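S.K.: Join the two chains, each given in its own frame, into one complex according to the hints.
In order, the protein sequence lines correspond to chains G and U.
Position one of the first sequence corresponds to residue 0 (numbering that gives the first Met the number 0), numbered consecutively onward.
Position one of the second sequence corresponds to residue 0 (numbering that gives the first Met the number 0), numbered consecutively onward.
Rather than coming from a laboratory, the hints here were simulated on the basis of the structure.
These figures come from a predicted structure and were not determined experimentally.
Glycine residues also receive a C-beta, built at the ideal position from the N, C-alpha and C atoms.
Please note: incorrect hints may appear among the correct ones.
[As the list claims (entries may be wrong)] Under the rule of at most 27 Å between Cα atoms (straight-line distance), these lysine-lysine pairs were calculated in the BS3-like manner: (1) G:Lys317 to G:Lys69; (2) G:Lys246 to G:Lys72; (3) G:Lys2 to U:Lys29; (4) U:Lys114 to G:Lys2; (5) G:Lys72 to G:Lys193; (6) U:Lys83 to G:Lys317; (7) G:Lys408 to U:Lys184; (8) G:Lys21 to G:Lys72.
[Claimed, not checked] Computed Cβ-Cβ distance ranges for the label pairs, DEER-style: (9) U:Glu213 to G:Leu416: 15 to 25 Å; (10) U:Ile70 to G:Ile313: 29 to 39 Å; (11) U:Ile55 to G:Ile397: 25 to 35 Å; (12) G:Trp1 to U:Ser219: 44 to 54 Å; (13) U:Lys114 to G:Ile306: 29 to 39 Å; (14) U:Gln67 to G:Trp1: 38 to 48 Å; (15) U:Ser219 to G:Val310: 43 to 53 Å; (16) G:Met0 to U:Ser139: 24 to 34 Å; (17) U:Gly13 to G:Ile397: 46 to 56 Å; (18) U:Gln67 to G:Ser20: 38 to 48 Å; (19) G:Arg418 to U:Ile7: 45 to 55 Å; (20) G:Phe362 to U:Ser131: 27 to 37 Å; (21) G:Ile397 to U:Asn5: 18 to 28 Å; (22) G:Met0 to U:Ser131: 49 to 59 Å.
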Amino acid sequence: MWKDSLRVGFLLGIRQICHASKWTSGLIVLVMMLTLINLVVVSGILVGIIEGSVKAHGDQFTGDIFLSTKAGKDTIEQSRNILATIESIPGIYHYTARYTQGAQLEANYRERRDPKELRDTVNTTLVGLNPEMEDEVTGLSRMVIEGEYLTSDDTGYVLLGSMNLEQYSPLGKGDEFGFPTLSNISIGSRIQVKVGGATKEYIVKGIVDTKVDQVSMRVFLPEHEFVRLTKRSDLNVNEIAIRVKKKVELIKIKQALLDSGVDRNAVVRTLREGLPSFLLDMIDTMTMLGNVISSMSLAVSSVTIFIVVFVNAITRRKYIGILKGIGIRAEAIELSYVFQSLFYVIMGSTVALVLIYTMLIPFFNSHPIDFPFSDGILVAPLASTIFKLTILIFSTIIAGYIPARMIIKRNTLDSILGR
Amino acid sequence: MIQVKNLIKNFENGTIITNVLRGVDLYIPKGQFVAIMGRSGAGKSTLMYQMSLLDIPTEGTVLIDGIQTDILTEQERTDFRLRKLGFIFQDYALLPELTAVENVIIPLLMRGMSKIDAIEQAYNALDSVDLSHVRDHRSSQLSGGEQQRVSIARAVAPQPDILFADEPTANLDSVSGDSVMRVLKKLHEDGQTIVMVTHEPEYSIYAQRVIYLEDGRVVSDDIQTEKIPTVS
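Bound-form chain U, shown alone (with noise of 0.2 Å):
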C-alpha cells in the first residue's frame, strides 16, 4: 500500500518558485488500479514521480508498505524500485539496441536471477501480452503498441508489488491504446496494484478509483460505481 501525507514539491527557477504540489495526502491500499487525472500542470506526473520515487518531495513523506521512502539514498531507491516497483512510460523507453525478451530479462537478471529462468519469465511476461511472436525484434521492429505492450512485460516480470504507469496510451491509437488498457485491467484482476496517470476519460473507467488534481491539490477521489469494461 502506497500512503501519501502532505505531499508538497515546489520547483526552483533561479528566484521563481513554482508550488506544483501543495500538500497532497492519499492512501492506495494493495490491489486498488488508481488513475490520476487532471488538466496539463495540475501535478499528476509530479505526484507519480514522488510515489514512485524517481524524484524527492520538497516536503511531506511517501510510505510504501510502511517504509518511509523520503529518507532512502539514492542507491537505496534505485534498489527500492527494482524490488517492488515496476514502470510504464509515456514513451515505452525501450532500450532501442536490446531486443524484446532481452528489454524484458534486464531487471530480472539485476535482482540476481540466472539467465534461463530470467528467460523463461520473460517468455511468460510476453505471452501474457500476446507478443511470444516478436520475442527476438529489436524495438525500431515493432509498432507503437507492441513497443508499449513490451514496456508493459518489461515492467511486470519482476512482479513487482505497484506498478506505476506514466500516460501509457497517450502516443497510441485508440485501437493499440484499448489494448494496452485490456492488459492493465487484466493485471489488476489478477491483484496487481496501479497507479496510472492519464488525461484521457475514456481510459480512466478502466481503474477503480479516480482521483482528480487541480492546482496541485487532490479536488476529487471517486471510487467508480459505473461498470468497468470487463476483460474478455
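The following block holds chain G by itself, in its conformation from the complex (with noise of 0.2 Å):
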C-alpha cells in the first residue's frame, strides 16, 4: 500500500510543481539555496577567522611539523643527527633549522649623549635561520613589507619585525602597555643588539610583516652571524619547522620521526597539535554561534516552507477533498507535498553547494578577508556541509508535511463542499 501512495504522491507532487508559477517556485528555491548557503557561509567564515589564524601560524611559523626543545632544555640536542633524520624521510619536502636567544635591541645609543638619558630598547627574541631554507618553508621573503630579505652571506644586517617598531606597532610607542618599540627605525638604521654578554652594531636590512604576532615581534639574522654572536659552539638549533608534500599524511611523517627517536630530544608536534587550547576553544565558540546564527535562517526557511504549503493545501483543499472521495490515502496526498518540499530543497541545495564549492570557496581562498589578527577564509568541509544539508532536507520535509497534514485531516465531506 505504502509504494502505491509513494506512486501516486510523486505523481501529485511532480504535476503540482510543473504546475505552480515558476516565479514562485524560483522564490522558493532562492531561499532555499540562500539558507544553505547561510548555514555553510556563516559558521564557515566564523571559523574561517581561526582557521585562517591557524593557517597562517603554520605557513609563516611551525610549518606541519614543528620541533622544539624538551622541557628544561635551553637547545634541542643532537640537533645535526635530527637534521639528517629529517632529510632520510621521503615525503618532507623543505625544513628550516632556526637558533633563538632573547637580546635586547637599542635604537638610540648613538644620539644619546647622557648617560641618563631614556635608552630606547626592545627586549626581543633573536633569530639565526638561513635564510634560503627559511624562505621555502615559510616563504618569510614574502612578508618583508620594507628594505630586502637577508641572504645566507649577508654580514652586519638584520631583518626586523615590525611589532619591534613604533610605526606599525597597534600599540605605538607601547611604553605604558609594557610593550616598549623602538622609534625612528627605518631601513638602513643602525640598531645595537644584546645578547648575553656580546653587543653588536647591525644596519636594518627589510621589516616583515605577519598576522603572526611570533614571527612579527622576533628580529632575524644569518645563522653565522646568530653563531658568532651568541658563541654558540654546539651548533643545537632551538626550532626545526618542517613542510610535509602535498597528499602526504602528516601523522605518518610524525611517525617516522618518532620511530627514528627524534623524540628524545625534541618535542614533535604536527601544526594542530601545537595549537594553544584557547585557539581550539575559540574554533568550537566560533562553531557554536555560527550555528546559532546559522540555526535563525533554518527557521526561516522552515516557515517559508510551512506557509507555502500551508497555503497551497488550503487552496487546493477542495480538491485534497475530492482526492480523499476518490479513495485516495491521506498518505499519498501528503507525500505529494513532501515530495514538492523535497523538489525545492534539493534544487535550492544544489546551486547553493556549485555556488560554495566553484565560487565562494576559491574566492576567499584567493581573496581572504583581511582581520588584524588573521586572513579570514571560508571553512566549509564537505562533510559538515552534508550535515548541515541533511539538517535542512529533514527540517523541509518536517515543514512540509504538518500544514499538509493539518489540512488532509480535515473532513473529507467539508473539504470537498468548502465548508
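M.R.: Below, the structure written as C-alpha cells:
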C-alpha cells in the first residue's frame, strides 16, 4: 500500500510542481539556496577567521610539523643528527632550523649623550636562520614590507619584525602597555643588539610584517652571524619547522620521526597539536556561534516552506477532499507535498553547493578577508556541509508535512463542499 | 447492494439543530439505476453522502454488500470508497494540473495496478466516453461536457460496484447533459449500479427507479414504467 501511495504521491507532487508559478517556485528555490549558503558560509567564515590564523601560524611559523626544545633544555640536543634524519625521511618537502635567544635591541645609542637619558630599547627574540631554507618553508621573504630579505652571505644586517617598531605596532610606542617599541627606525638605520654579554651593531636591511605575532616580534639574521654573536659552538638549534609534500599524511611523517627517536631530544608536534588550547576553544566557540546564527536561517526557511505548503494546501482543499473522496489515501496526498518540499530543497541546495564549492571557497582562498590577526577564509568541510544539508532537508520535509497533514486531516465532505 | 436502515442526519450549529434526514429506509439492489429527487433542502445530497461514505450518519446504518459501513475507521472508509465506489461530482472535480488520462489513472495506481495496465484501462475508459482525442488535454482545455465525461471515465475505470453521481448534469447545457446521461444509461445497461442525485425531471427518466425526498423523508419510491430512452 505504501508503494502505491508513493507512486500516486510522486505523480501528484511532480504535476503540482510543473503546474506551479515559475516565479513562486524560483523564489522558494532561492530561499532554500540562501538558507544552505547561510548555514555553510556564516559558520564557515566565523571558523575561517580562526582557521585563517591557524593556517597562517603553520604557513609562516611552524610549518606542518614543528620540533621544539624539551622541557628543561635550552636547545634541541643532537640537532645535527635530527636534521640528518629529517633529510632521510621521504615525504618531507623542506625544513628550516632556527637558533633562538633572547636579546635586547637599542635604537638611540648613537644620539644619546647623557647616560641618564632614557634608552630606546626593546626586548625581543633573536633568530639565526638559513634565509634560503627558511624561505622555502615559511616564505619569509614575501613578508618583507620594507627593504630587502636576507641572504646567507649577509654580514652586519638584520631583518626586523614590525612589532618591534613604533610605526608598525598597534600599540604605538607601547611603553604604557608594557610592550615598548623602537622609534625612528627605518631601512638602513643602525641598531645595537645585546645577547648575553655580547653587543654588536647591525644595519636594518628589511622589515617583516605578518599576522603571526611570534614572527613579527622577532629579529632575524643569518645563522653564521648568530653563531658568531652568541658564540654557540654546539650547533644545537632551538626550533625546526618542517613542510611536508602535498597529499602526504602528517601523522605518518610524525610517526617516522618518532620511530627514529627524534622525540628523545625534541618535542614533535603537528601544526594542530601545537595550537594553544585557547585557539581550539575559539574554534569551538565560533562553530557554536555560527550554528546559532545559522539555526535562525533554518527557522526562516522552515517557516517559508510551512507557509508555502499551507497556502497551497488550503487553496487546494477542495481537490484534497475530492482525492480523498475517490479513495486516495491521506499519506499519498501528504507525500505529494513532501515531494514538493523535497524538490525545492534539493534544487536550492544543488545551486548552493555549486556556488559554495566552485565560487565562494575559491574566491575566499584567493581573496581572504583581511582581519587584524588573520586572513579569514571560508572553511566548509564536505562532511560538515552534508550534515547541514541533511538538517535542512529534514526540517524542510517536516515543514512541508505538517501543514499538509493539518489540511488533509479535515473532514473529507467539508473539504469537497468548501465548508 | 445498498441497504439503508432508519438513517438520521442532524447538523448542529451552536444550539440550533437541523434535522436533514429523518429516518430513511432504502434497499437498492445490484444493477439498479436509481435517481434521488426532491426540492432544494430535501436532503437528497445528504442521503447520497451517507450512502457513499463521504459522511457519517447521526443515527442509523448503511450496509453495502452486507458490510456495516458506519463502524469503519476513516482509513477503512477511504479504502472502501477506492475499492467499491465511484464518484461523479457536480463540478467535475478534475485535478487541473493533470491531463485527462492522468486524472483517470490516479485511482487505478492507488489500487496497486501497474502503470502500463492503468494507462491501458484509462484509455479504454476514455474511449468508452468518446474522449480518446483529448487524453492528453488538461481540464482547462476541455469543455464542461468533456470534463464531466472525463469525471465519469475516472469513476468507472476501476470498475466500482456502485457509481454515485451528484447532479452530474447541473452545470451542463442540454446537449452535454444528454450526452452525459446517455453514457450513464449505457453503463447501467452494462450492469452498473448507479445512484444519481438530480433535480432535473427530464434526466430522472433515464433511471429505473426514482426516489422522492421531502423534509428528509422518502415520500415516494417508484419503479419507472414509462419508456426509458434507449441508447443508440
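S.K.: Hint by hint, say whether it matches the structure.
M.R.: Hint-by-hint comparison with the structure:
1. Restraint check: the Cα-Cα separation between Lys317 (chain G) and Lys69 (chain G) comes to about 79 Å, which exceeds 27 Å; the hinted pair is violated.
2. Using a Cα cut-off of 27 Å, the hinted pair Lys246 (chain G) and Lys72 (chain G) is violated, with the two alpha carbons roughly 34 Å apart.
3. Annotation: proposed proximity of Lys2 (chain G) to Lys29 (chain U) is violated, straight-line Cα distance about 33 Å (limit 27 Å).
4. Taking the CA atoms of Lys114 (chain U) and Lys2 (chain G), the gap is near 12 Å; set against the 27 Å cutoff, the hint holds.
5. With a C-alpha separation of about 22 Å, the suggested pairing of Lys72 (chain G) with Lys193 (chain G) holds against the 27 Å cut-off.
6. For a cut-off of 27 Å, the pair hint linking Lys83 (chain U) to Lys317 (chain G) stands: about 22 Å separates their Cα positions.
7. For the suggested pair Lys408 (chain G) and Lys184 (chain U), the alpha carbons sit about 36 Å apart, so the restraint of at most 27 Å is broken.
8. Between Lys21 (chain G) and Lys72 (chain G) the CA atoms are separated by roughly 72 Å; this puts the pair beyond 27 Å, and the hint is violated.
9. The hinted range of 15 to 25 Å is satisfied by Glu213 (chain U) and Leu416 (chain G), whose Cβ atoms lie roughly 22 Å apart.
10. Distance hint check for Ile70 (chain U) and Ile313 (chain G): the Cβ-Cβ separation is about 31 Å, which falls inside the suggested range of 29 to 39 Å.
11. Ile55 (chain U) and Ile397 (chain G) have their C-beta atoms about 31 Å apart, which keeps the hinted 25 to 35 Å range intact.
12. Taken as a hint, the range 44 to 54 Å holds for the pair Trp1 (chain G) and Ser219 (chain U), whose Cβ atoms sit roughly 48 Å apart.
13. Hint check: Lys114 (chain U) to Ile306 (chain G), Cβ distance near 34 Å, so the stated range 29 to 39 Å holds.
14. Judged by the Cβ atoms, the range 38 to 48 Å given for Gln67 (chain U) and Trp1 (chain G) is violated: they are separated by roughly 28 Å.
15. Between Ser219 (chain U) and Val310 (chain G) the C-beta distance comes to about 47 Å, which sits within the given range of 43 to 53 Å.
16. Between Met0 (chain G) and Ser139 (chain U) the beta carbons are some 32 Å apart, a value that agrees with the proposed interval 24 to 34 Å.
17. Range check, Gly13 (chain U) to Ile397 (chain G): about 36 Å between beta-carbon atoms, so the 46 to 56 Å window is missed.
18. For the pair Gln67 (chain U) and Ser20 (chain G), the beta carbons lie near 47 Å from each other, so the given range of 38 to 48 Å is met.
19. For the pair Arg418 (chain G) and Ile7 (chain U), the supplied restraint of 45 to 55 Å is violated, since their beta-carbon distance comes to about 20 Å.
20. Separated by about 58 Å at the C-beta atoms, Phe362 (chain G) and Ser131 (chain U) break the suggested range of 27 to 37 Å.
21. Look at Ile397 (chain G) against Asn5 (chain U): about 46 Å separates their beta carbons, and that is not inside 18 to 28 Å.
22. Restraint check, Met0 (chain G) to Ser131 (chain U): a C-beta distance of roughly 32 Å breaks the suggested window 49 to 59 Å.
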